[in-house]
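Participant: Fit chain P to the known structure of chain V by using the hints.
2 protein chains.
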Amino acid sequence: MPQFALGIDFGTNSVRALVVDCADGRELGTGVVTYASGDEGVISDPHDNNLARQNPADYEPAMREAIAEAMSAANVNELAGIGVDTTGSTPIPVDQNGTPLGMHQEFKGHLAAYAWLWKDHSAFAEAERITAHAREKEMPYLAKCGGVYSSEWFWSKALHCARTAPDVFNAAHTWMECCDFVTGFLTGLGTNVRRSTCAAGHKGMYSDAWGGYPDRKFLEEISNGLATLLDRLPAKTYTSDHRAGTVPVEIARSLSLPAGTPVAVGTLDAHAGAVASGVAPGRMVKIIGTSTCDILVGTNVPDIPGVAGIVEGSVIPGLTGIEAGQSAVGDIFAWWSRVCGRSQGELSKDAEKLRAGESGLLALDWNNGNRNVLADPLLTGLLVGQTLHTTPAEIYRALIEATAFGASKIIKRIEEHGIEIREIVACGGIAEKSSLTMQIYADVLNRPIRLSRSSQAPALGAAIYGAVVGGVHKDVQSAQAAMTGFRDLEYRPEAHSAGTYQKLFEIYEHQHDAYGVPDLMPVMKRLLRVRTLSR
Amino acid sequence: MPQFALGIDFGTNSVRALVVDCADGRELGTGVVTYASGDEGVISDPHDNNLARQNPADYEPAMREAIAEAMSAANVNELAGIGVDTTGSTPIPVDQNGTPLGMHQEFKGHLAAYAWLWKDHSAFAEAERITAHAREKEMPYLAKCGGVYSSEWFWSKALHCARTAPDVFNAAHTWMECCDFVTGFLTGLGTNVRRSTCAAGHKGMYSDAWGGYPDRKFLEEISNGLATLLDRLPAKTYTSDHRAGTVPVEIARSLSLPAGTPVAVGTLDAHAGAVASGVAPGRMVKIIGTSTCDILVGTNVPDIPGVAGIVEGSVIPGLTGIEAGQSAVGDIFAWWSRVCGRSQGELSKDAEKLRAGESGLLALDWNNGNRNVLADPLLTGLLVGQTLHTTPAEIYRALIEATAFGASKIIKRIEEHGIEIREIVACGGIAEKSSLTMQIYADVLNRPIRLSRSSQAPALGAAIYGAVVGGVHKDVQSAQAAMTGFRDLEYRPEAHSAGTYQKLFEIYEHQHDAYGVPDLMPVMKRLLRVRTLSR
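Taken in order, these protein sequences are the chains called V and P.
Letter 63 of the first sequence, counting from 1, is numbered 63 in our numbering, and no numbers are missing.
Letter 406 of the second sequence, counting from 1, is numbered 941 in our numbering, and no numbers are missing.
With the rest of the complex left out, here is chain V:
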């Protein structure tokens, strides 16, 4: 049996292919290719900050090139299996063959026919409608997604398309999450591919607790279109230790892959990254990049208000996957770097010299709304404590601290529901690049933080699923034991800073509740209303 697996990771800006040795997780070959369209693959609209799309025509050529590079670098001819992870919720309207409508001549350049990228917030009104309707009808559908349905998710986006681009919506045979679209393409099964429990569960209100997707009547009351979309979705979804199918000859040839290779059911990037970082009961994985995703697994997990997703088997089959996160982390640091015109390297160097608390500043990390635990995209940033002597580096540090406090708020909420978090493993760009951020996180969270050994965690996680469906390892946990590890570097909390941050966290919580709970002080919403009226 071949000992190698391929993981394919479709990110926001590029696709990464990674060939690994299933015996020990050694990374044998990598290929990374940036998407051709938009700004590094992201198509935006200067008149609508909420819009973010990808051109589905970018996926296949980028993937082909990345796979060729990885296979050639690894110098392997055989693969035990292939796994795929993508961003999500990134739903795509497709025809009955599974071809994205955006690739039809008819809809070329029509952004509604493109992939609705995870960070697209166009559908905020639709998300509010879905949340309100579920509450009004006292339906359970929000119990597994923290009590609020997001503007970033499947049904919100499809509904926004139905309302604003009915031509596209009506032409779609069905909508597929990006990870299902890719496995459908790789296996030649198109819309008939086994769809991802992870994507459907975390983004589509799919749960065994109520027998799958929300019921037809509920969706029909919101919009007739959603009910017809439901009719085009399969009733059953699969965890990623199942095969989606195998690579047929013609696809194998075009992608320089061994024909007949098993392909695992698709998954989401954060979940795959967590698997590769050794997620386990009591050990949370934080993927810290432009935004942050927290992944945990457990047993007997109750509903947790304000935590974005609780889905059986979404990370490790047999355990309940818990997903939470912050809608902007590295994005906030990059924003500040742009605003103050200093590089993050320069800012970090100065910010490292500061002691916890000495700037007198406190920020809220809501420049892109709050995903958890408030689940409110219409919140905005706050900075308090400025004097005439406040420096750019002090503000930079306050913004890092703010994201750490936001992370602390999530951990606190999960622990309040009986799920213990003893250890933290970090991965992602910020975790690898910013020792300043990681030390602040260790101090604020008052826990040691280790780093995932792989710097390509999502692709490695996908490869791990590939190794499982290829039969090299009997299950995900055995594969993790063989194929994952930590680096030697560990960030340990420093007692004095941790003490100061405990005091600052109390003030953060005060501000969090004052601005985040609308009845107390809806200042941010009032400002957004003035902004809308001023136009």
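Hints listed in this document are in silico derivations from the structure and should not be mistaken for laboratory results.
Any given hint could turn out to be false.
Example chain V residues on the side facing chain P (calculated, C-beta under 8 Å, incomplete) [unchecked claim]:
id: 1; residue: D331
id: 2; residue: G385
id: 3; residue: T387
id: 4; residue: K503
Using 27 Å as the maximum straight-line C-alpha spacing, the simulated BS3-like pairs for lysine-lysine come out as follows [as the list claims (entries may be wrong)]:
id: 5; chain 1: V; residue 1: K412; chain 2: P; residue 2: K1060
id: 6; chain 1: P; residue 1: K1060; chain 2: V; residue 2: K525
id: 7; chain 1: P; residue 1: K1060; chain 2: V; residue 2: K503
id: 8; chain 1: P; residue 1: K1060; chain 2: V; residue 2: K353
Ideal Cβ positions, reconstructed from N, Cα and C, are used throughout, including at glycine.
Facilitator: Same frame as chain V, now just chain P:
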């Protein structure tokens, strides 16, 4: 009788001499000289942001040069009179001749022996002590200064010196406000010069309402030192339509002035500037520079809580002078320009393109504390509403708007006490240089704003007092009628912006009270406490 008057204006960074024609206010010659010491005259302490001093040895050589330039440019040999204005409260410990202790060899370089510049906040604890004691003893002394004694003022600074530099305090024969020190020097009368009602009233709790300075027992209960200082202060003060004295021969020779020229009692720069800008009942003058000073005159003026000073005759003898202000305005704009690394010109150009309210931002203008109406130096800045798309120019505009809202808060408070404000006249650096700021002010204050004709208003105001003591005009109002005027340019409120700003002002007031009234949300104080503990 000579028809010319000289105004000498001692600012934060430089001294300005101005020779004017008393018939029409024409400005015939000007000299401006920057002080030699520190950073453009301001001596600071890198370890103590609160400290700001001037070297009293700088005053005489700078004044000599400025007068020579102005007299020579004006080409006049005779003067009807001289007026002097200075920053304040800028008290100076002096010996019995009126020579500043900082000019003694013994105290050379000892900053406590220097001039305690208006913006020095070292004495915040002493100010709190004085305020608390007046409240505890139910004494009336705060009734004319808004209910809170400031860390910027005479008694606070003297007390801080007594506590932290007793060698200087004990060596001082008396303390003189800078304007009295200068008139003492010019007249050769030293400590025997007639002291300023304006300075004593606005900064030293001097009022006819309680027979002069606070009583000896009250001061003694705070500190024995203050009681002995009281013993060295004259019981009576004078308005600036009185002569302080005349220039003796030896001083006249050294300063190239006509000997025997009458010198008016000293005054403060803002009050002089208001006179030159046509201040009158119903017409408020705003001097908008690094900080802002609002000056108004009226009759039957009640005590106004939160308004910094109400002093009989301090601006126009016979009318009650009202002073209020904001502790940082241009300073905040300059701070932001430094932080974001863009020039104010560039920021203004971009900010001008924005509509009121469209950024979704709101700021509090408290980076240097709040002078009025909260009178709390330990408040700090706030910015709310940031997204990942917020630009430096949007923040710049939000900061300008914040200072306008702060200005609006002061006007509202004064009007609530029955003093009407129909018109606004602006002068000062920001008023002259930033049309963006002035238009925002017109829109936020919803009143037309005119500009003072003179761009050297404080010096012209001083010259007006000089013209009065020289007998050219019978009183200040007649002199104003002859010697002052407005520019043609007028900023008129634009209805749509004014409407938007009314909505934003409601949110500003909400934030103002939430952060400014300690019992509601003492977030800024809590952060300052953490900052102190972190050191």
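Participant: The structure should be examined with respect to each hint, and the outcome stated for every one.
Facilitator: Hint check:
1. D331: With Cβ-Cβ at 5 Å, under 8 Å, it holds.
2. G385: Holds, because the Cβ-Cβ distance from G385/V to chain P comes to roughly 5 Å (cut-off 8 Å).
3. T387: 5 Å, holds
4. K503: 5 Å, holds
5. K412/V - K1060/P: Judged against 27 Å, a Cα distance of about 26 Å means the pair holds.
6. K1060/P - K525/V: OK: K1060/P and K525/V at ~26 Å, within 27 Å.
7. K1060/P - K503/V: 13 Å, holds
8. K1060/P - K353/V: 24 Å, holds
The earlier numbered hints are all upheld by this structure, with none contradicted.
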